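K.L.:
For the protein sequence lines, the chains are G and U, in the order given. In case it helps, this note's numbering puts the first sequence at residues 1 to 365. In case it helps, this note's numbering puts the second sequence at residues 366 to 691.
Just so you know, these hints were derived from the structure itself, not from any lab. Computed from a predicted structure; not experimentally measured. Worth double-checking, as some hints may not be accurate.
Take a look, some chain G residues computed to stay more than 10 angstroms from chain U by CB distance [stated by the list, open to error]: (1) I20; (2) T33; (3) P37; (4) E38; (5) Q93; (6) T218; (7) Y280; (8) E311; (9) L316; (10) E319; (11) Q323; (12) I324; (13) E362.
According to the in silico footprint, chain U covers these stretches of chain G (three or more CB under 8 angstroms from chain U) [unchecked claim]: (14) 116-130; (15) 155-167; (16) 183-189.
Beta carbons: idealized from backbone N, C-alpha and C, even for Gly.
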Amino acid sequence: MERGALNPHYQSSLAAHFDIKKLQFINESAEATQTLPEFAQDPKSLIELYKAMSFLRSFDTKAVNLQRTGKMGTFPSSLGQEAIMVGVGAAMQTDDVYCPYYRDQGVLFQRGITPSKILSYWGGDERGSDFNASREDLPLCVPIATQLLHAAGVAYAIKLRKQARAVATMCGDGGTSKGDFFEAMNISGVWHLPLVIVINNNQWAISAPNHVQTITPTFAQKAIAAGIEGIQVDGNDVVAVRALVSDALTKARTGGGATLIEAVSYRLCDHTTADDATRYGDKLALEKAWGIEPIARLRNYLHAKGLWDKEKEFALQKECSTQIEATVAEYQAIALQKPTSMLDYLYETLPDALQEQYDILEGMK
Amino acid sequence: MSEITLAEAVTQALAYEMAHDENVVVLGQDIAVNGGVFRTTVGLLEKFGPERVLDTPLAESMIAGISIGMATQGLKPVAEFQFMGFIYSAFDHMISHAARMRNRTRGRLSCPLVYRAPFGGGIHAPEHHSESTEALFAHVPGLRVVIPSSPARAYGLLLAAIRNPDPVLFLEPKRIYRLHKQEVPDNGEALPLDQCFILREGSDITLVTWGASTNESLLAAAELLKQGIRVEVIDLATIKPLDIVTIINSVEKTGRCLIVHEAARTCGVGAEIAAQLAEYALTSLAAPIKRVTGFDTVMPYLKLEKYYIPSTERIVEAAVELMEYQ
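Just chain U, with the same shape it has in the complex:
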C-alpha cells in the first residue's frame, strides 16, 4: 500500500462512498473535469459520470441551496466550496435551512449533506483565500463542523460526515493538504465524529488544537520534551459538537491547558473550550488557561501571514510560561 496525502485521502473517501452509496453526488466549481483546484476530486468524473459529479455555475449560494433540495430527496450531496473565503454568500442557506430543516419539520425532512471547503493560511494565496472562520459556523445550532488533521483522519472523518444524517461542514486545512503522507487503507472504515483524538500523551500540559495547527503543536511538543515538559496534544477534530469530556479528563491529569488555533482569538472556538474548562474543571487547573491564536485582525496577505499563524516558537514559549506559573 502506498502512502497518500491528506488531499488524496479526501479523494479516496469520496470515491469509496460514491462506489458504495448511489445517493452520494459530488458538486462544486471546477470539481468534475478539472478535478478541483486542489485536485481533491480528481478521477471522480471518470469513475462515476457527469450525473453524479457535477460542475456547477459559479454561485456559492446556489451550491448550498441546491444541495439542500437534493438532500431532502434522500441524496447525499457533497458540495465543495473552492475556498472558505467564498463561503459567506452560502451562509444564508447553511444557517437558515440546512441546519434547521429537521427541526422545523419535526423530523419529516432532513439534510444529510456535506459542505467541504479548504481553509486556513500558509500557502501564499491571494486575499480572501486564507481564512479560518470555523467559529462562525460552530455557533450555528444544527450544524456539525469537522476538521481533519491527517490523511487517515481526513479519510475516516469524511466517510463519517457523508454517512451522518445531518449537515456537516467539513473544513480541510489546505496548508497540510500535502505536508505529510501516511498509509490509509481504503477499507471504508469511518472514524467517530463528535470525539477528540489524542495525538500524543503527556502529563504536564494539555494542548488542544485542530487543523493545520496540529503540525506546529506536535513540533512544539517534541521541542518541549527536550526541556522535560510533557505535552498531551489533543486534536479537537469535531469543532461542534464539542467533546469537552476528553479535554477535561486530560486537564484533570495535567492541570494546565494551552489552546492553539489559527483563527482570530475573540470568540474563537478556544474561547468556548476555555469557558467550559472554567465551568467544569476550574479546580483541576494549576495555572490560567492560555491561548496561542491568530490575531484579532484581517488575515494578512501572503507576506505577513507567517506572523499571523501560530508558530512552533510561540507555542513553545506559551507552554514554558504555563509551566513557570506560580
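Next up, chain G with everything else stripped away, as it sits in the complex:
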C-alpha cells in the first residue's frame, strides 16, 4: 500500500486539518523578504547579534583547538548554528529560565554566563555549571531530550506561582526521536505550560541524517500530535529566530501556552571533537550549506545597508581574539578542585556512611 492510500474507496469527512508555517526575514541572498521586526529596525541590535555570532564562532574555533592540543576535553562546536544559539539567547528576558542541551554555549553567553565557565565544564571541572549569572538556568545537559522534561517542570513551578516568566529549552533533531521529547510537548499542552521548545535541526545526529530519525517533512509538525503550536524558522536567519522565539516567549508569559519551534540550519562541524564527519558526511550538501550560513548572511545584509565594512570587521575580529585569549587565560588559571569536592556536593550534608571514603579522598594529593 502506498503512503496515504488507506481505504481510498471509503467516504470520510475531514476530522482536523493542520499546516506548518515557516518564518524568514533575511533570505539566502541576504535580502529582506519582508519588513524586519521592530527590534531589527535599530541597526545597533542587528550589529549586536552579528557580534555575538562572530564571538561564538571564534570561541568554538578556539575551544576545538584547545581540545586538539590536549588542553580541554571533548567539545561540541556550534559552527553553522550560531543564529539559533544567539537568536534564542537574545530573545530571552533575564528572569526567564533556560534549560540547555549540550551544544548551547552560544545561548548561555547571551544569558550572561562567562565563556570560561563553558571551557571549564568541557575541560572536566564541575564548577563550569556553577553559573555566574542566570543561576536558575539548568546546566548543560548531555542525556538526549531529558532537559525538555526538566524545562516543563520549571514551567509548571512558574505557572503555579503565577509569575510572568517563561522557560525555553532546546534539543537537536535527533532528540525528537526520544520519548521524552513527545512527553514534554504533551505535558506542556495538557498543563498549558509557559514553555518554548526549540529544535536545532542541524540535519545530523552524529552520523544519522534526518531521514534516519523521521519521515515527516518537518520536525515542527510533531507539535500537532501534542496540540501545541509548531512552527519552522530559517535557523540561519538570526532575525527570524530572535523574533519568533521572542514572540513565543511573550505568548508563554501571558498565558498562551507552549510552542515548538524548529530552527533549520546545518552542522558545518563534526558532532564533537571526538567525531569525524568525513566518515559519513555529504560533501555536496556541506558545500551548499556553507553558501547559506548565518554569519556571512547577516554580514552581507549589513554591508548592503551600509552598516558594516572591512575595517569594522577587522576591529571585531581583533576584539574577539582578545576576548577569547582572556577567556582561555581565565580558564587555565582555575586551580584544581580538591579531590574531596566529588563528595562535598553529592548530598547537602555528608552522610555518616560516606565519611570513610571522604577521609581517603582527603588524604590524596
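For chain G, the structure is supplied; the task is to place chain U on it using the hints.
P.N.:
Just chain U now, with coordinates in the frame of chain G:
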C-alpha cells in the same frame, strides 16, 4: 485517636506536610480524583486543590523529569509511580539528573524531591506489579532509598523524606499497606533518615531486614524465642546511605547475623551488609553470615509468589542453622 494502616499513614504524612509547606506538590497517575490505586492520596485533591495535587499523563519518564524541573525551582514534588515495576523508564532521570543535580552544579541547584512507589510481592498482582528492585537504586550515588515497615515509620520517614534537601526514593511495601494498624499521632514529627530501627532486642542473632519482610522476621523471632533463641530484629529503613554502625554494634553483641530480604539475592542490599560486616566486624562473628532472600530469578506470577517471598519457616530454619554452627 484511631489506629491507622501504613497506607493511611502515608496519606496522613502527605496531608500534614502539604498543609504546612506550600511548596509541596503531589503528582502521579490516578492520584488526584481517584486518590491513587492504593488510595494513599485520598482526600488530598479536595484539601489542596488541583494546582498542588496533579493527575499526570501516563508517562513515568515524564513524571520523574518534571519533578526535577519543579525541584530546581524550590518546589518539593512528591511523585508517585503506580508500581515499582513501571519505574524503569524513569530511571534515566533519577540517575542522570535527580541524583546529581547538586553535584554537577556544585550546589547551585538541587533536587529536594520524593519519588514514591509501592513495591514487593504478596498481593496476587499481575506480572510486573510485584518487584523488589531497591538494590538498583541503592547503587546510585546521590539517591536516598527509604523503606518504611510500619504505619508510624511510614508517617515519620515520609515527613523526613519530604523535608530532606536531596532526592529520596520512598518505597512502600504494599504487602503490609493494610496488614497492621497502629496509633500514629498527626504531630508532624519526622523520624531520622539514615538510621536503622531496632524492632526487637535479642542476644543470639542479629536479624537485619526491611519492608514487608519485617513481618515474617518478627513472627520468626517470636517463634525462635520458644526454642530459646533470642533474635534482635533490625529494620534497615534507610537502604542507602546504610547505617552499618547499628548493625555492627548488634553483631558485636550477638556474634551472628541473618539478613532477610525479598529481593533477589545476587547484588542485593544484603550483599552490601555482609561485605561491610566482613570488613568491619569479622572477628565478632561466631558463624558465617546467612541470607534468606528471594531467588535469583524473575519474580514469579501470583501462583508461585509465596515460594519466592522469604517465609517465616525459612527464616526460622536459617536461624536454627546459624545457632547450630560449630
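K.L.:
Each hint should be assessed against the structure and marked as holding or not.
P.N.:
So, going through the hints one by one against the coordinates:
no.	hint	verdict
1	I20	24 angstroms, holds
2	T33	37 angstroms, holds
3	P37	30 angstroms, holds
4	E38	32 angstroms, holds
5	Q93	16 angstroms, holds
6	T218	24 angstroms, holds
7	Y280	27 angstroms, holds
8	E311	42 angstroms, holds
9	L316	33 angstroms, holds
10	E319	30 angstroms, holds
11	Q323	25 angstroms, holds
12	I324	25 angstroms, holds
13	E362	17 angstroms, holds
14	116-130	holds (count 4)
15	155-167	holds (count 5)
16	183-189	holds (count 4)
Of the numbered hints stated above, none is contradicted by the structure.
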